[in-house]
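Fit chain to chain and form the complex, with the hints in mind.
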Amino acid sequence: MSAILEAPPGLAVTVSGVSVAYDGLAALRSVDLAVVPGGWVCLLGANGAGKTTLLRAIGGLVGVAEGEISLGDAAVAALGRRGVARLVARVPQRPEVPPAMTVVDYVLLGRTPHIPYLGVEGSSDLRVVAEVLERLELTELAGRRLETLSGGELQRAIVAVALAQEAPVLLLDEPTAALDVGHQLQVLELIDELRRERSLTVVSAMHDLALAGQFADELVLLSGGRVAAAGSPRSVLTEENVKDHYGASVRIVEDDAGRVLVLPTRSARRP
Amino acid sequence: MARADVAERTSRPLPEAAATLRPSRLRPGVVAVAVLVLLLAVAAGLLIGPVHLAPWRVLASLADRLPWVHLQSGLSAQDDAILWELRAPRVVLAGLVGLTLAMSGASYQGVFRNPLADPYLLGVAAGAGLGATIAAVYLPAAAAGAVGILPAAAFVGGLVAAAMTYVLGRSGGPARSAGTLILAGVAVASLFTAAQTFLQQAHVQTLRQVYSWILGTLGTASWTQVRLILPYVVVSATALLLHRRLLDVMGVGEEEARALGVNPSRVRAIVVIAATLGTAAAVSVSGLIGFVGIIVPHTVRLIAGTSYRLILPLSILYGAAFLILADIIARTAAAPEEIPIGVITALIGAPFFLVVLRSSSRSFR
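Residue numbers (the working numbering), protein chains in the order written: chain X, 581 to 851; chain E, 3 to 367.
Accuracy of the hints is not assured; some may be wrong.
[Said to hold, decoys possible] Chain X stretches covered by chain E per the calculated footprint, using a threshold of three residues with CB under 8 Å from any CB of chain E:
hint : stretch
1    : 690 to 697
2    : 788 to 796
[Stated by the list, open to error] Over 12 Å on every C-beta distance to chain X, these chain E residues come out as not near it, computed from the model:
hint : residue
3    : V71
4    : H72
5    : L232
6    : L262
7    : A271
8    : E339
I should point out that these hints are in silico values taken from the structure, not numbers from a laboratory.
If you're wondering where the values come from, they're calculated on a predicted model, not measured in any experiment.
Backbone N, C-alpha and C fix where the C-beta goes; we use that ideal spot for every residue, glycine too.
Extracted from the complex, chain E is given alone in its bound form (with noise of 0.2 Å):
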């Protein structure tokens, strides 16, 4: 067409079908109602708990915190640490092993094309796993409890079992599969386990201790493991968030995806190394949480459909809610007991998942 065949079609106004096309975005009324669930959660997490704390106390106390703001709280001293010391980090780091754990599930779900790809699809548990029995076992400090050899040992065991099932994965057939890096994925975790199954055999005095990190906790929370992940969890997600419409793309196939000028390998790579460290750092300082990748995003597709641009984000909100809401069934449906939270998200997700499986072939391809 001639230059000003081109100008005429670009200055004439749209058609008037394109102002009521509506493209998936994400719309201020939906993330207005995730950032709202999020706060009531929040909310939920601190005022919930044996010791009774008045709403309105805990408000001031919040905002007593912020820049400029000073409010006499008349919360107790003890009463305060019990906000600020036990409450508070707990429902942070709940909120950040959450979302972490979602929207890695999600973006493993996208660039995998897999509906039942998890945070741990690569690994990384079983690598977690055996960095933990192996501090458990032969570093008597972690032995001796002393807090952060545990999770250090599970971030670089789960790293190391994600980067072996990349370079496996890579070698194993053609490049670009997908296919191959998801069985690289079954035999390194099946490897790790036997090592983790054996060291453990050898050394049954740590079960207990590797048993109950592996059933998930966040008993142990503080703000110093909220500072140990936050780090990781923000480059994660900008990461994640920064591909969200590439993640779509990725949805037409690796062919399709070259075709429309966009390097397929490269994409997952780098979404597989932010989701892959970002778990890694969730499963350091909580153990195994499973189905959360799983339950939140499928959520999330239901309500608001099947785009990345909406999924990531959304999961996000979402997922941080949803644990912390787990978190508070698990330390009060069974108090004074702590049932691990693992249990809790499993008993949600399981029956989940097999929905999930079933629905797969109609809504997955």
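Same shape as in the complex, but just chain X (with noise of 0.2 Å):
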């Protein structure tokens, strides 16, 4: 029951100047983001451009040259590893599943920052397993080893380790790279949902702009590691910047209920 109370309902994200290198190679130059508790910012961006680094990088698992990051009032250089994953959960672009656990045991494991070390879990620890599972459909999975999982259902497997953590700040890594447009908007509908429900802040890195536009408040266009636009979808989405940072040309429509739509066009058709 501790463990639902430590999690603090709605925490701010805030980057401030923030430059990681690896090997020497700046993946991110003084990046400035900040999310405002319960918000959804998306980053957006070409492969290389600095998503996932900058993931990474409020997650704590790579560290920062220069700046800093705080999870609320706290620094996330501060907090150590079971600290931040207390306050951080994450759904990462390719987990390592193994095939053989069942969900249950793999849902488990998100409680993993709330047990002690050498200890196993508690009654409490299961309520909130059971709670997810239920929350996210999963009930009657519980059972099943993941290797048998359909890919949506894996999909919600995999949510529910980072639900199971209690964290009030989220952090998904091209969470439906892997699913059909069906299923795309079903595991986007239900972190939204889940987003309002708990609260939870969510910063997300998605390669598909018009869906990005559609659930984020704000959206980050990243480029060489900076940050090159930044603001509400409408202002972020436009064709020059697409074609500028993504070498696409698209169309962008705003329909009925002023929601932005991008197009992808294909170039002059050849002979």
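Rendered as structure tokens:
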């Protein structure tokens, strides 16, 4: 029960002047980012623009050469690994899934930051897991091995691990890359519902510009490790921005409901 | 969510489904079966042999050793000696070696996420072989057959090899890579084996002694050897059992383990050191007994599931039982000659290894 009380609802994520380098190569150069408690910011940018690195930095998984990242009032660098894991849960891009593990065992791994280092889970941990499974409609599948799940079910299980962490900040790295369009929408709707229910602060990286524009409050376009544009979907998703930073021509259309739609267009047909 | 909300959530009863959730946990029935198998193996180990001992007399003699129990077993002095100086230490030693090899194998498999990892992975076997050879060649007392010197040298050799592997594996690439550690183990093992072969070529007279040790034997088992390795086995088993849940966490990969608040390098270091210490102690008294660390954990996986919370404790129980039974075969199949126990486990293990290899692409990644 203490585990549930420890996760404070709604936490701001602040990234100020952060630079990260891998083996001397700059991956992020003085990036600033502010996410309000309960907000959803989506990182855009071509492959190698620094989206994943920024998510890893927020999760404390990569050292920051310059600048500071804070979760609420606490600096990530000062929190320690378990401390960060209690505040930040992450849905990785290509998680390594132990194929023979059952769904319930897998989701229980999400409780790790709340379980004493050499201890085992208590009844409160099982309660959280039961709730998460129920919420994600995985209860029926609890005893199944992960290798027997369909793509959509597996993605829900991966989200369930992150939810079982009961962290107020959720990082999503291409959460829908492996899914068809129907399941993409399902997973993103689910995350949005969970965000509202639990006041989660969400930072995601996404390739699908149209979906990003419809789910996030704010978009941040990264290019070469720098912030190239940031703001509302309407201000960031422009034909020029996409042309400049993805090298792709698109048409931006706004529908009756004011949603911004991004349509890739083929350059003039070859003769 | 507001605090009131939280209180409401925690106080309300479990969702109905929670009662039916069955996460991997040791269940009493499963443990009871394993304990029963072990007890049967122990009984067989005490009763089977060239001299017939009446089961009820053995039982009485066992009970007599309990505090505050005094029973006349009716065993003759000679039978009593056979029971207590020959069979009992041999059964206990086989049990300790078997459980150590099985749990070390399981731990290595978990921490390296490699189903074919065995207790000798980091060069412990080659190091122990070299240590034993050096002792046989250069220490006259060992050449004269003094008990205790060969095992001690093997123990030191095993630990030196494992330490070298660890140091090389860390310097050879990114400190966190499990792959470099395994490659370093291969390199160190080759080096030590080459050195051992060189020494043996130059001192052919030690060949037989070293060779019989390498094949593995429990024929010289004594209470002294039991006392020698017991502390290492207890420390190793305690450390590994405490890490059983973390071995499951390691299954999601290094990056995700870190994201869950675990330090994979530290977990791996502790588990590797604990497993290696136990293995080196076991090897020093038993020689090289192969495949136990593969056969037992994989059989446990088949019957109990893939969580290390089950695999580790059950591997300990079944590992002890397995080696006690293998030792019975070793000393009775060709009686009065003894077959080296390493030959028995290899005969069972090699085909098993192939089965694991074939199915590993499916159940492991």
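To see whether the hints hold, each was checked on the structure:
Here the stretch 690 to 697 of chain X counts 5 residues with a CB under 8 Å from a CB of chain E, which clears the bar of 3, and the coverage holds. For the stretch 788 to 796 of chain X, the proposed coverage by chain E is not satisfied: 0 residues have a C-beta within less than 8 Å of a C-beta in that chain, short of the threshold of three. Non-interface status of V71/E relative to chain X is upheld: no Cβ of that chain comes within 12 Å, the nearest being about 36 Å off. For H72/E, the non-interface assignment is confirmed: its Cβ lies about 42 Å from the closest Cβ of chain X, beyond the 12 Å cut-off.
For L232/E, the shortest C-beta to C-beta distance to chain X comes to about 23 Å, beyond the 12 Å cut-off, and the non-interface label holds. Distance check for L262/E against chain X: the nearest CB is about 4 Å away, which does not clear 12 Å, and the non-interface claim fails. Against the 12 Å criterion, A271/E stays outside the reach of chain X, whose nearest CB is about 14 Å from its own CB. Under the 12 Å C-beta cut-off, the non-interface status given to E339/E relative to chain X holds; the minimum distance is some 43 Å.
In summary, the structure is inconsistent with hints 2, 6 from the numbered list given earlier, while agreeing with the others.
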